[in-house]
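Could you slot chains X, U and W onto chain B? The hints should help.
Protein chains in written order, with numbering that gives the first Met the number 0: chain B, 0 to 170; chain X, 0 to 386; chain U, 0 to 145; chain W, 0 to 351.
By construction, these hints were calculated from the structure, which means they are not laboratory data.
Don't be surprised by glycine CBs; every beta carbon is placed ideally from N, CA and C.
You may find that some hints are simply not true.
Computed far set for chain X versus chain U, every beta-carbon distance over 12 Å [what the hints assert, rightly or not]:
| no. | residue |
| --- | --- |
| 1 | R151 |
| 2 | K228 |
| 3 | D352 |
Derived list of chain X stretches under chain W, where covered just means 3 residues or more per stretch with a C-beta under 8 Å from a C-beta of chain W [unchecked claim]:
| no. | segment |
| --- | --- |
| 4 | 45-58 |
| 5 | 68-76 |
| 6 | 202-210 |
| 7 | 229-242 |
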Amino acid sequence: MSEEQEVVTVVKAPVYLKYNFTAGAAPARFLAQIKKGVLTGQRCPKCSAVYVPPRGSCGGCGVATEEEVVLSNKATVQSFTIVYIPIPNNPIEPPYIIANVVPDGANISFIHLMSECVNEDVHIGARVEAVWKPKEEWDFAMDNIRYYRPIDEPNVPVDQIGKLPVTGLEG
Amino acid sequence: MANLAAVVGIGQTKYMTKRLDVSIAGLVREAAVNALQDADLTWDDIDAVILGKAPDMFEGVIMPEAYLTDALGCNGKPMLRVHTAGSVGGSTALVAASHVQSGMFKRVLTVAFEKQSESNAMWALSNPQPFSTHLNAGAGGYFAPIIREYMRRSNAPYNVGIKVAVKDRLHGARNPLAHLQKPDITMQEVEDSFMLWDPIRFLEACPSSDGACAMIIANEELADKSAKKPAWIRGVAMRSEPTMFAGRDEVNPQAGRDCAADVYKQAGITDPRKDLDCAEVYVPFSWYEPMWLENLGFAPEGEGWKLTMEGATSLDEGGDIPWNCSGGVLSSNAIGASGMIRFAEAARQVRGDAGAHQVEGAKLALGHAYGGGAQFFAMWVVGSEKP
Amino acid sequence: MSQPDVLNQAFELGYTYTRSTGPVIGRFLTELRNRNIVGIKASDGRVVVPPMEYDPNTAEELSEFVEVGQQGEVVSFAWVKEPREAHPMDVPFAWAMIKLDGADVPMIHCVAAASEDAIATGARVQVVWADETIGYMTDIRCFELV
Amino acid sequence: MKEIAIVGFKQSDSVSDAGAVNEVEMIMPVLSSVFQQVGINNAQDVGFVCSGSCDYLQGAAFAFVAGVDALGAVPPIKESHVEMDAAWALYESILKIRMGHAESALIYGFGKSSPGELPIVMSQQLDPYYLAPLWVDSISLAALQARLMLDQGLITERDMAEVVSRSRRNAMNNPHAQLAGDVAPDDVLAEEMYLSPLRKADICPVSDGASAMIIATVDKAKEWGVPYAIISGIDHRIETHNLGMRDLTDSVSTRTAAKRAGMDAGKVEVAELYAPFSHQEIILSRALGLGDETRINPSGGVLAGNLMMASGLSRIGEVFNRIVSGEVQRGIAHATSGPCLQHNLVTVLEKA
Chain B
0 MSEEQEVVTV
10 VKAPVYLKYN
20 FTAGAAPARF
30 LAQIKKGVLT
40 GQRCPKCSAV
50 YVPPRGSCGG
60 CGVATEEEVV
70 LSNKATVQSF
80 TIVYIPIPNN
90 PIEPPYIIAN
100 VVPDGANISF
110 IHLMSECVNE
120 DVHIGARVEA
130 VWKPKEEWDF
140 AMDNIRYYRP
150 IDEPNVPVDQ
160 IGKLPVTGLE
170 G
Chain X
0 MANLAAVVGI
10 GQTKYMTKRL
20 DVSIAGLVRE
30 AAVNALQDAD
40 LTWDDIDAVI
50 LGKAPDMFEG
60 VIMPEAYLTD
70 ALGCNGKPML
80 RVHTAGSVGG
90 STALVAASHV
100 QSGMFKRVLT
110 VAFEKQSESN
120 AMWALSNPQP
130 FSTHLNAGAG
140 GYFAPIIREY
150 MRRSNAPYNV
160 GIKVAVKDRL
170 HGARNPLAHL
180 QKPDITMQEV
190 EDSFMLWDPI
200 RFLEACPSSD
210 GACAMIIANE
220 ELADKSAKKP
230 AWIRGVAMRS
240 EPTMFAGRDE
250 VNPQAGRDCA
260 ADVYKQAGIT
270 DPRKDLDCAE
280 VYVPFSWYEP
290 MWLENLGFAP
300 EGEGWKLTME
310 GATSLDEGGD
320 IPWNCSGGVL
330 SSNAIGASGM
340 IRFAEAARQV
350 RGDAGAHQVE
360 GAKLALGHAY
370 GGGAQFFAMW
380 VVGSEKP
Chain U
0 MSQPDVLNQA
10 FELGYTYTRS
20 TGPVIGRFLT
30 ELRNRNIVGI
40 KASDGRVVVP
50 PMEYDPNTAE
60 ELSEFVEVGQ
70 QGEVVSFAWV
80 KEPREAHPMD
90 VPFAWAMIKL
100 DGADVPMIHC
110 VAAASEDAIA
120 TGARVQVVWA
130 DETIGYMTDI
140 RCFELV
Chain W
0 MKEIAIVGFK
10 QSDSVSDAGA
20 VNEVEMIMPV
30 LSSVFQQVGI
40 NNAQDVGFVC
50 SGSCDYLQGA
60 AFAFVAGVDA
70 LGAVPPIKES
80 HVEMDAAWAL
90 YESILKIRMG
100 HAESALIYGF
110 GKSSPGELPI
120 VMSQQLDPYY
130 LAPLWVDSIS
140 LAALQARLML
150 DQGLITERDM
160 AEVVSRSRRN
170 AMNNPHAQLA
180 GDVAPDDVLA
190 EEMYLSPLRK
200 ADICPVSDGA
210 SAMIIATVDK
220 AKEWGVPYAI
230 ISGIDHRIET
240 HNLGMRDLTD
250 SVSTRTAAKR
260 AGMDAGKVEV
270 AELYAPFSHQ
280 EIILSRALGL
290 GDETRINPSG
300 GVLAGNLMMA
310 SGLSRIGEVF
320 NRIVSGEVQR
330 GIAHATSGPC
340 LQHNLVTVLE
350 KA
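So here's chain B without its partners, still in its complex pose:
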């Protein structure tokens, strides 16, 4: 070597690619509704299960979900975790709860934040409701629902989680 320098052993390789991302037809219909403050699911024409958020198909049957179903703001905790580390690119401070919640009227859970709760009191089967952002902040985004919070309703028996009608426990 012509100069007394350290040998190169590591390099930084920036790989940045630009995309124009498209939401997908079924997710776009869902997002258009959530922009209006309405949580919707989509029903499988074959097995009748209601999916939220819809991804384009009923994974079980492999067919498109067309029929839109308005879901309740109320939901049930199917399971949860208390997270002690930050989410990349997310300002929320740990510890926080993320829960698998099933909105009444749907047959599948999705992961969302829980708040306004004592972390230790959260449990499987607990009843919760969606707390929305102020209307002026609504966008084509799931986080129009800022978080879920507990409500004073009896627990849902485990075998009933994911099977409640849109009218909830009383329905």
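The following block gives chains X, U and W in isolation, referenced to the frame of chain B:
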């Protein structure tokens, strides 16, 4: 009926956080050369190469088999690239085996790798896309609620995961290739480690490793003449189910149960705990040991944790069915390679070549991998004797 | 509010990877930082630039480095009249296969030229170094016509 | 060895922008039409499923996982995936059937390339230390290859224009084609250079779409009672990643694969070649030694529409279509992967 095939060479790298001394090709190459040496073969003896790794975004090289051709001596030969998420190392071994079992090839090389230090696996997986309708809190955020549901169903005591975390690290301390070397680890140390995603503590989760694993699989004629004792492939199976569908049992996925039933049937196994001598099972979070003990039929539903707590899966406690003698994924996790390491370590056991983590007289072993939202499964059973 | 037909949004998939080089690539990049170019001798004796780690024909590890010239000959070229944003030059330029003096195998890099007419197969080119060399492929900013 | 037959093939239209649909929405219609063609319900009715896709086309990891949502994979199925063109998924499926672990298989490939800048995306497939940092796009590399051929007098620009013209005219009979029309070689030559020596017409378009195929043992094909074609041979070979070490004017790996696949055992009436650039069709047809008795790319080939990760499978499907329609008795299909034809697969198909 499938043609007979056997593992005749195994090569691995030392697993560690960062392999800063090699290129991506150098890492993959090291495992491949070790496998050739183990089999006492040269590059000319290889008819095809089957490569596996998890998403290309981990290293930022698209379809890297194109670039890795020369490092794997593949110029002029067939090269196939498999990607089935976290199960890919296992799936790749199965695709490699099928090259021989189909009768179309005599001897093939298969390699799986991940050089996670090139990026940050968390980054690639949680890359925020527009319109994402799912909150992404990493793999732990996905699996922790499933573990919690298992705890509820089984009434398992809180420290089952802690016990697995200790057991697999003690196993890992017997394996010089294992990433984590913690011969003095205690239950207290694991319990005191930082809670990440309740109930998963830091020491109950796998590390992030660089590493590669390679195997050479040969047909019956060549395996009969192999330099070292071959590991005969006695059964192969894969199963997939969708990530989400109404009524899916995420704790005890049917795809895993069906896959196990298929591979056991081929290998003539009716009672896995009794018939198998050991198992290498993909356990990236400690609680997945009791969950998979049930899913794979080693214990009745709700009772997997009892085997763990009794020491049945521990080499150090003289258990009757040691799991993850190599230290498992909890001791080394080079994602794309992790499944193949399970398959290769199962083969090492039945070849009697597992060094300090050898199960005495092991004749039949299970290799297992899973991926995605615990929805993709790959398994094989290898034996010391021809079927 | 009517629903948009297509809901789309620009996003960037990006990360700066940390690549360890191993000895062969590391040596080449170290030499680049010092404004030298080295190749490596393949098993058939051909000098390959940039140096390959493994021989394509025998799969052997390669290790015999050979210093090569900083001038060479254009073996083929492609004229980019509309550079893309990611390209290393923002004015029209050529990609070229360049056989450096002392090398037997051409390498691919970009060539600065005033117009397509100015470059031809067989043209002589020389390295233009980056103002600051850091031990990366872009230390060779481009080649220019001699 | 077990004889394996193709019993069904469907492809979506090749479009420049599939618009709102996501991957699963793009795949489902193709799958349902191929199921209908064979008379089965879903992936439960085949013994194995294998797909081909590439995460970087749309920029999201685990693209293939969405594909599983299109299958009806409850109860669970035997399923695998290659991060390659689905022609290699076919290859994996053939191994599976030959080893006796399935009697039939569904193969599908899909790509939504429109969201990204495809030629730049593909630059990141190159050597990560020496070439990827320069962002050498796939079109520029092909242009270097074309110039080598022109300089050596192996082709003329008119030869290239004739390939384009034939593709556009043939594509007029292909309902899925993206680019078709009565284009004369002179019309092509009248176009200005785009990336010299390539004109835009020499380059395949960027396309979105999917294709799907069902294969089976001959016994199973007979049981299903559908027309089928026999896969009499298949082989693939890769070459060195160093473009400077290859003779880019030839395709050695294609020739080897064709030989191994048994192409020479009979007359080749039709050949579908995966040539994303006009000059590459000439390289391939010469490497294969195809003469006047062979019709090349009657579908228009990928110059008429290039479904990344599915085009290779579609080439095989096109030959299948022509055999079951009775148009030809025997043909070959070619698939490629990597820059400048680095990796090539050849399939030989015959009338049952």
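Against the structure, the hints:
Once the 12 Å rule is applied to beta carbons, X:R151 is consistent with being away from chain U; the minimum gap is 38 Å. Even its closest Cβ contact with chain U, about 26 Å, leaves X:K228 beyond 12 Å, as expected for a residue assigned away from the interface. At the 12 Å boundary, the C-beta of X:D352 stays outside the reach of chain U, the nearest C-beta of that chain being 25 Å off. Against chain W, the segment 45-58 of chain X contributes 4 residues with a C-beta closer than 8 Å to a partner C-beta. That satisfies the three-residue criterion, and the hint holds.
Under a criterion of three residues with beta carbons nearer than 8 Å to beta carbons of chain W, the stated coverage of the segment 68-76 of chain X is upheld, 6 such residues being counted. With a cut-off of 8 Å between beta carbons, the segment 202-210 of chain X has 0 residues touching chain W; three or more are needed, and the interface restraint is violated. Here the segment 229-242 of chain X counts 8 residues with a CB under 8 Å from a CB of chain W, which clears the bar of 3, and the coverage holds.
Hint violations for this structure: number 6 only, all remaining hints satisfied.
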